[in-house]
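Kindly produce the complete structure, drawing on both the sequences and the hints.
2 protein chains.
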Amino acid sequence: MDASEKPLYKQIEDYVLDQIDKGIYTEGEPIPTEVEFCKLFNTSRATVNKALNILAYNGVIYRTAGKGTFVRMYSMDKQMKKLMGFTEQMKMLNVDSSTEIIGYSRVKADRIPKVKELFKLGNDDFIHKIERVRYVEHDPIAVECIHISPKVISNLQVEDIGGSLYKFIEDTIGVKIGSSNFVISAMNATDEIKSMFPCEVNVPLLKYEQETFLMNGVVFEYNEIYYLSNKYQYKGSNFR
Amino acid sequence: MDASEKPLYKQIEDYVLDQIDKGIYTEGEPIPTEVEFCKLFNTSRATVNKALNILAYNGVIYRTAGKGTFVRMYSMDKQMKKLMGFTEQMKMLNVDSSTEIIGYSRVKADRIPKVKELFKLGNDDFIHKIERVRYVEHDPIAVECIHISPKVISNLQVEDIGGSLYKFIEDTIGVKIGSSNFVISAMNATDEIKSMFPCEVNVPLLKYEQETFLMNGVVFEYNEIYYLSNKYQYKGSNFR
DNA sequence: AAGTGGTCTAGACCACTCG
DNA sequence: GAGTGGTCTAGACCACTTA
Chain A
1 MDASEKPLYK
11 QIEDYVLDQI
21 DKGIYTEGEP
31 IPTEVEFCKL
41 FNTSRATVNK
51 ALNILAYNGV
61 IYRTAGKGTF
71 VRMYSMDKQM
81 KKLMGFTEQM
91 KMLNVDSSTE
101 IIGYSRVKAD
111 RIPKVKELFK
121 LGNDDFIHKI
131 ERVRYVEHDP
141 IAVECIHISP
151 KVISNLQVED
161 IGGSLYKFIE
171 DTIGVKIGSS
181 NFVISAMNAT
191 DEIKSMFPCE
201 VNVPLLKYEQ
211 ETFLMNGVVF
221 EYNEIYYLSN
231 KYQYKGSNFR
Chain B
1001 MDASEKPLYK
1011 QIEDYVLDQI
1021 DKGIYTEGEP
1031 IPTEVEFCKL
1041 FNTSRATVNK
1051 ALNILAYNGV
1061 IYRTAGKGTF
1071 VRMYSMDKQM
1081 KKLMGFTEQM
1091 KMLNVDSSTE
1101 IIGYSRVKAD
1111 RIPKVKELFK
1121 LGNDDFIHKI
1131 ERVRYVEHDP
1141 IAVECIHISP
1151 KVISNLQVED
1161 IGGSLYKFIE
1171 DTIGVKIGSS
1181 NFVISAMNAT
1191 DEIKSMFPCE
1201 VNVPLLKYEQ
1211 ETFLMNGVVF
1221 EYNEIYYLSN
1231 KYQYKGSNFR
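Residue numbers (this note's numbering), protein chains in the order written: chain A, 1 to 240; chain B, 1001 to 1240.
The hints are simulated quantities; they were obtained by calculation from the structure and are not laboratory data. Fair warning: there could be bad hints in the mix.
Quick list of in silico lysine-lysine cross-link-like pairs, DSS-like style, CA-CA up to 25 angstroms [claimed, not checked]:
1. LYS1108/B with LYS1151/B
2. LYS6/A with LYS1120/B
3. LYS167/A with LYS235/A
4. LYS67/A with LYS1010/B
5. LYS67/A with LYS1050/B
Computed, partial: chain A to chain B, Cβ under 8 angstroms [stated by the list, open to error]:
6. ILE24
7. GLY28
8. SER237
This structure is a prediction, so every number in the text was calculated from the model and none was measured. The beta carbon of each residue, even a glycine, is placed where N, CA and C say it ideally should be.
So, in structure tokens, the structure goes:
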């Protein structure tokens, strides 16, 4: 495990994913057994077992005791799940995306009681509030209202938030983002939301609310994103 | 591992979840170390490590080498992710739910080309098509259009599909369900959908499309569910 | 009966954090 | 330096599937 940075079980994961990408391991067909991988990587069964079980948990392969390990079928999405921001998501899809900031303000906590309670703020705290428009191929897709806790970031510059907010936080502030909860609903645009869009809004909106936590469990941001329903859909997968 | 049916690492998972539920392990606070769990369950570190890492992957706890293991903060939802049908979901939420079948037919594959292609059917195959209304506390929440592949189930009785479809498949047919992909979008009700609802539809709909796979990767069903947006929201979580 | 993955043991060394 | 989780080894027994 010395020569290479990555742990061995991750290298095995990557190897299997690569073989699937190359079409060497194909859909529905068995891949080598644990013992065979042991010889291939000169390692123990526990390490191979860990690698293959992670891939199985993520839906890449499926395993049956007594039979073997097989490549799963895909159709909509191949990627394993990841917590990603919009900019990162769009880059992965190889689409040209951009963001326009249409407002930045510091709002007294009282004015947004829901967020005040979520962040556990006092009356004298100010919430960072950012309003942005998201474009894909120069076409407006969504408007977004971001609330950031002053407990995590006290000073925020407008230029900090032009691109991926998550990347900024992790790189510049050096705090690791842990998890997020979200709620998706459908709604008609209110007049306030209509005024934020740089175009006519004549379709329903897909509303995506999200609260994001740092690794230590502290709430760091609360977002509301309003997507034009004819231009964005939410995709996901579930596994047993 | 003999006396109890469950593997030891699952028992440890359940124990930790139970301690969190009871408030004995609390948010942000450390839980016992791996070595302490080893003594508590009279087991080896590998087993404890597996249990705690599964909980960490599912966002229940977070771990830092050199520091320890801590309980994460929750706010919207506590449950770990699971692939669940509507009936199972509602039971977990302790809500009274029911389903009314408003139509069952076998439709020639040509009539629904999208589904024909997904199931890889020939021209002479017939797709099982079921239309249901979902109620929560006797209040209509959604209408649903289910398509089941004749390759997986050739004969389907109406009484088979009154409750949880997944439970029926797994129990009666004896085939294990593996994974699903889904797409969520917002839309206005079409006249066809309006006619399926036993009530007025004057809000946008949250559309949930889903394709479900068996363990071996075969597509087994394709669903379209139309939720009244004022009565249902989709909730989820993401983790790094 | 032979082979598969599921589970488990009893060790080990490492990088990291903290006092 | 003591303690933590991260990773790994070299064995083991089991239930299950397939021939």
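Pair hint outcome, LYS1108/B versus LYS1151/B [Cα-Cα no greater than 25 angstroms]: Since the Cα atoms of LYS1108/B and LYS1151/B sit roughly 14 angstroms apart, the hinted pair holds (cutoff 25 angstroms).
25 angstroms limit on alpha-carbon distance, applied to hinted pair LYS167/A and LYS235/A: Holds - the C-alpha atoms of LYS235/A and LYS167/A are around 22 angstroms apart, at most 25 angstroms.
Closest C-beta approach of SER237/A to chain B relative to 8 angstroms, hint status: For SER237/A, the interface hint holds, since the closest Cβ of chain B sits about 5 angstroms away, which is under 8 angstroms.
Pair hint LYS67/A and LYS1010/B, alpha-carbon separation not exceeding 25 angstroms: With Cα atoms ~23 angstroms apart, LYS67/A and LYS1010/B stay inside 25 angstroms; holds.
Restraint check, 8 angstroms cut-off on beta carbons, for ILE24/A near chain B: violated (17 angstroms)
Minimum beta-carbon distance criterion (8 angstroms), GLY28/A to chain B: At about 5 angstroms, which falls below the 8 angstroms cut-off, the nearest Cβ of chain B leaves the hint on GLY28/A intact, so it holds.
Pair hint LYS6/A and LYS1120/B, alpha-carbon separation not exceeding 25 angstroms: violated (41 angstroms)
Holds or violated: LYS67/A to LYS1050/B, with C-alpha atoms at most 25 angstroms apart: holds (24 angstroms)
When each numbered hint is compared with the structure, violations occur for hints 2, 6.
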